[in-house]
Amino acid sequence: MDYRIVIIESEEGFAVSCPALRGCHSQGATREEAIENIQIAIREWLEAEKTEAQTFTVTEETVRV
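Going by our numbering, the first residue of the sequence shown is number 1, and it counts up by one from there.
Please keep in mind that the hints were generated in silico from the structure rather than gathered at the bench.
It is possible that some hints are incorrect.
[Claimed, not checked] Distance ranges between label pairs, derived from CB positions:
hint, residue 1, residue 2, range
1, 64, 33, 31 to 41 Å
2, 39, 12, 18 to 28 Å
3, 10, 39, 14 to 24 Å
As the structure is a computational prediction, the values presented were derived from the model and not from experiment.
Glycine included, every Cβ here is placed at the ideal spot set by N, Cα and C.
Full structure from sequences and hints, please.
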């Protein structure tokens, strides 16, 4: 399954998150490392969801600031 990720580059490296999975974040020193790490985090998030026998409903909205 494909998931959209958001990558933020800073002086410290790369932060990455998966907006569809609340709380699913990771990081890496390089872009490639960050992507590998979020793939692991996504797999673990999905496994935890199965283990807990819960279904999480996540919605995204846009807010004006």
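Here's how the hints hold up against the structure:
For the pair residue 64 and residue 33, the supplied restraint of 31 to 41 Å holds, since their beta-carbon distance comes to about 35 Å. The beta-carbon spacing between residue 39 and residue 12, approximately 21 Å, falls within the hinted interval of 18 to 28 Å. Taking the beta carbon of each, residue 10 and residue 39 are about 21 Å apart, inside 14 to 24 Å as hinted.
The structure is consistent with each of the numbered hints, conforming to all of them.
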